[in-house]
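A.B. asks: Spelled out from the first residue to the last, the chains are:
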Amino acid sequence: MTSEGSPPAADRGDGTAQGTREVPLDLDTSVAHVARVYDYWLGGKDNFAADRAAGEQAIQAYPDIVYSVRANRAFLARTVRYLAGEAGIRQFLDIGTGIPTANNTHEVAQDVAPGSNVVYVDNDPVVLTHARALLVSGEQGHTNYIDADLRDTGRILAEAAQTLDFSRPVAIMLMAILQHIDEAEDPYEIVNSLLAAVPSGSYLAISHPAADIETEAMAQMAERLNKLMAEKVTFRTRPQVARFFDGLELVEPGMLRVQEWRPASEIEAKSPAALWGGVGRKGSGDR
Amino acid sequence: MSAVQPSDELPREPAMDEPRGGPTVLRIMLGNQLRRLREAGGITPDEAGYEIRGSRSKISRIEHGRVGFKERDIEDLLTLYGVTDEQVRAGMLALARQANSPGWWAKYNDILPDWFEPYLGLEMAASLIRNFEIQFVHGLFQTEDYARAVTALGYGPVSSDETERRVSLRMRRQEVLTGVDPPRVWFVIDEAALRRPIGGRQVMRAQLKHLLEAATLPNVTIQVVPFRRGGHAAAGGSFTILRFAAPDLPDVVYLEHLTSALYLDDRRDVDHYMEVMNRLSAEAHTPVATTRFLKEIIQEI
Numbered sequence: 001m002t003s004e005g006s007p008p009a010a011d012r013g014d015g016t017a018q019g020t021r022e023v024p025l026d027l028d029t030s031v032a033h034v035a036r037v038y039d040y041w042l043g044g045k046d047n048f049a050a051d052r053a054a055g056e057q058a059i060q061a062y063p064d065i066v067y068s069v070r071a072n073r074a075f076l077a078r079t080v081r082y083l084a085g086e087a088g089i090r091q092f093l094d095i096g097t098g099i100p101t102a103n104n105t106h107e108v109a110q111d112v113a114p115g116s117n118v119v120y121v122d123n124d125p126v127v128l129t130h131a132r133a134l135l136v137s138g139e140q141g142h143t144n145y146i147d148a149d150l151r152d153t154g155r156i157l158a159e160a161a162q163t164l165d166f167s168r169p170v171a172i173m174l175m176a177i178l179q180h181i182d183e184a185e186d187p188y189e190i191v192n193s194l195l196a197a198v199p200s201g202s203y204l205a206i207s208h209p210a211a212d213i214e215t216e217a218m219a220q221m222a223e224r225l226n227k228l229m230a231e232k233v234t235f236r237t238r239p240q241v242a243r244f245f246d247g248l249e250l251v252e253p254g255m256l257r258v259q260e261w262r263p264a265s266e267i268e269a270k271s272p273a274a275l276w277g278g279v280g281r282k283g284s285g286d287r
Numbered sequence: 288m289s290a291v292q293p294s295d296e297l298p299r300e301p302a303m304d305e306p307r308g309g310p311t312v313l314r315i316m317l318g319n320q321l322r323r324l325r326e327a328g329g330i331t332p333d334e335a336g337y338e339i340r341g342s343r344s345k346i347s348r349i350e351h352g353r354v355g356f357k358e359r360d361i362e363d364l365l366t367l368y369g370v371t372d373e374q375v376r377a378g379m380l381a382l383a384r385q386a387n388s389p390g391w392w393a394k395y396n397d398i399l400p401d402w403f404e405p406y407l408g409l410e411m412a413a414s415l416i417r418n419f420e421i422q423f424v425h426g427l428f429q430t431e432d433y434a435r436a437v438t439a440l441g442y443g444p445v446s447s448d449e450t451e452r453r454v455s456l457r458m459r460r461q462e463v464l465t466g467v468d469p470p471r472v473w474f475v476i477d478e479a480a481l482r483r484p485i486g487g488r489q490v491m492r493a494q495l496k497h498l499l500e501a502a503t504l505p506n507v508t509i510q511v512v513p514f515r516r517g518g519h520a521a522a523g524g525s526f527t528i529l530r531f532a533a534p535d536l537p538d539v540v541y542l543e544h545l546t547s548a549l550y551l552d553d554r555r556d557v558d559h560y561m562e563v564m565n566r567l568s569a570e571a572h573t574p575v576a577t578t579r580f581l582k583e584i585i586q587e588i
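From first to last, the protein sequence lines stand for chains B and S. Those letters in the first sequence? Residues 1 to 287, by the numbering used here. Those letters in the second sequence? Residues 288 to 588, by the numbering used here.
Since the hints were derived computationally from the structure, they do not count as laboratory data. For clarity, every value in this text was computed on a predicted model and none was experimentally measured.
Label pairs and their computed distance ranges (CB to CB): (1) B/A269 <-> S/G524: 47 to 55 Å; (2) B/K232 <-> S/L464: 41 to 49 Å; (3) S/E449 <-> B/S30: 48 to 56 Å; (4) B/L256 <-> S/K394: 55 to 63 Å; (5) B/V31 <-> S/E326: 24 to 32 Å; (6) S/E334 <-> B/K232: 42 to 50 Å; (7) S/A493 <-> B/G154: 43 to 51 Å; (8) S/E334 <-> B/Y67: 29 to 37 Å; (9) S/A493 <-> B/E249: 56 to 64 Å; (10) B/E86 <-> S/E583: 39 to 47 Å; (11) S/G466 <-> B/A161: 38 to 46 Å; (12) S/G355 <-> B/E86: 49 to 57 Å; (13) B/A269 <-> S/K582: 45 to 53 Å; (14) S/D553 <-> B/N226: 27 to 35 Å.
Partial selection, computed: residues in chain B whose CB lies under 8 Å from chain S: (15) L27; (16) T29; (17) K45; (18) A49; (19) V126; (20) L128; (21) T129; (22) R132; (23) A133; (24) L134; (25) V136.
Just a sample of chain S residues kept apart from chain B, beta carbon distances all over 12 Å, derived: (26) L324; (27) E338; (28) R343; (29) G355; (30) L367; (31) V370; (32) L380; (33) N387; (34) R492.
No residue lacks a Cβ here, since even glycine has one placed at the ideal position from N, Cα and C.
All chains, please: the whole structure from these sequences, using the hints.
C.D. replies: Printed below as a string of structure tokens:
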């Protein structure tokens with residue numbers, strides 16, 4: 001299970017972020033948390049009463065949310081497969097891990113390209129509990145976990161640098177997480193600061209709930225979630241999501257609904273999911 | 288079912304020739320599930336009974352897990368209840384078969400307490416087993432010598448033949464770990480369970496080495512809660528949470544006592560135990576640190 005080898009990996013075993021932390025986690029489950037609500041929508045069993053209540057409220061407003069989350073997971077797997085395969089990426093920074101389920105980033109990446117290193121980032125204590133136990137380094141490559149908020153890019157980058165080599169290309173994965181950053185917190189600046197830390201040849205993969213698909217139902221779902229969840233949501237339009245890729249070369253077929261991005265089957269392409277998604281490559285230009 | 292407590296009146300050690308039912312809890316769980324599906328569809332017991340060429344009381348018996356399942360009945364009921372997802376249907380039918388089959392442990396009937404047999408059925412059917420253990424190394428990871436010592440503690444001086452049969456049952460159980468499509472096993476062990484030299488130092492040292500080896504299996508995660516952490520470890524006893532692949536089957540919490548066991552699948556109970564389990568996992572050493580810790584204990588013991 002462990003493949004603690006050459007430095008700096010030697011100390012990495014029980015993790016920098018995870019091992020030094022002296023437990024007093026806030027494992028309060030009385031308020032709905034996005035990772036566990038998401039788990040509920042996926043049909044998982046690692047959710048609690050408040051999460052199920054919020055999840056149900058959202059389903060009533062927008063029943064297709066259960067397809068959206070599945071399509072999002074499938075999009076994650078397809079993008080990682082593309083990045084580790086065709087694009088030759090060996091380093092992944094996956095922010096907004098969620099509760100480990102099937103086809104986790106490191107499993108897909110290390111399946112395609114053994115030796116791939118993956119750093120996960122999330123801020124949910126239940127995710128932390130699972131991740132520090134289950135998302136561990138194996139013979140197939142290093143896997144590490146950082147307990148941090150997406151807004152704290154400085155810390156994320158500093159801690160990720162213990163596992164990832166930032167002089168070589170990195171894929172930054174932001175799957176269904178940017179909606180938790182509202183305009184006032186400037187999500188574009190957050191993405192910029194992450195991209196600034198990686199060299200040309202790196203990639204950015206994003207999926208984002210749409211404000212301009214199923215407009216009314218999505219708005220109603222957002223309103224309900226914002227009443228019940230600790231993290232608020234801001235859904236965005238296609239142009240708003242496309243802005244995250246400004247200055248990057250979009251990988252074919254561009255930015256579109258996640259189910260239309262290189263679907264594995266016709267059935268997959270027909271999902272009603274209401275998320276925009278795409279993959280961009282950092283060239284040698286300004287960004 | 289909020290708690291299924293097999294009758295206390297039953298003898299702990301049924302005689303060899305006593306007829307036994309199949310895995311009770313599996314039946315109850317499936318029955319419970321069928322009831323929920325029927326109610327969700329607004330279908331009366333009479334209508335459901337008619338569908339399977341029976342009466343409402345047949346439905347009642349099925350839903351309370353008092354009878355074995357006929358596969359055809361289950362298929363017809365699932366169709367009537369609008370369950371079309373092939374994966375869900377297949378999962379429920381597989382469990383129905385398991386609930387009916389006597390199980391490989393049938394030949395151990397003479398040494399199996401009634402309240403423990405359902406656990407074996409659930410352990411075999413689980414896709415995820417999370418366990419917190421305070422006193423002993425869990426049965427799935429025991430060496431033969433350690434199991435022998437634990438058996439002697441639990442059952443006193445019994446015939447060596449009986450002890451050997453108990454040990455062999457435990458070894459047989461462990462095959463699930465390396466079989467086809469094994470469950471994910473995530474165990475949190477209190478340091479006390481590793482320090483107490485059950486069976487003597489040599490047996491214990493071998494047991495700990497065995498644990499180290501088990502931890503290298505890809506489907507096995509082991510975390511130790513050290514003494515210096517884990518107030519929560521002391522707050523309750525050992526418990527196990529069993530999860531099943533079928534999305535509609537609830538998790539089951541298994542609590543073992545000396546002469547009986549509790550099986551909880553009420554959502555509030557499960558939530559509570561899940562929360563405690565998460566805390567324990569968070570307090571425990573990570574798997575990598577656990578490996579180091581186990582090696583230290585082996586040196587010290």
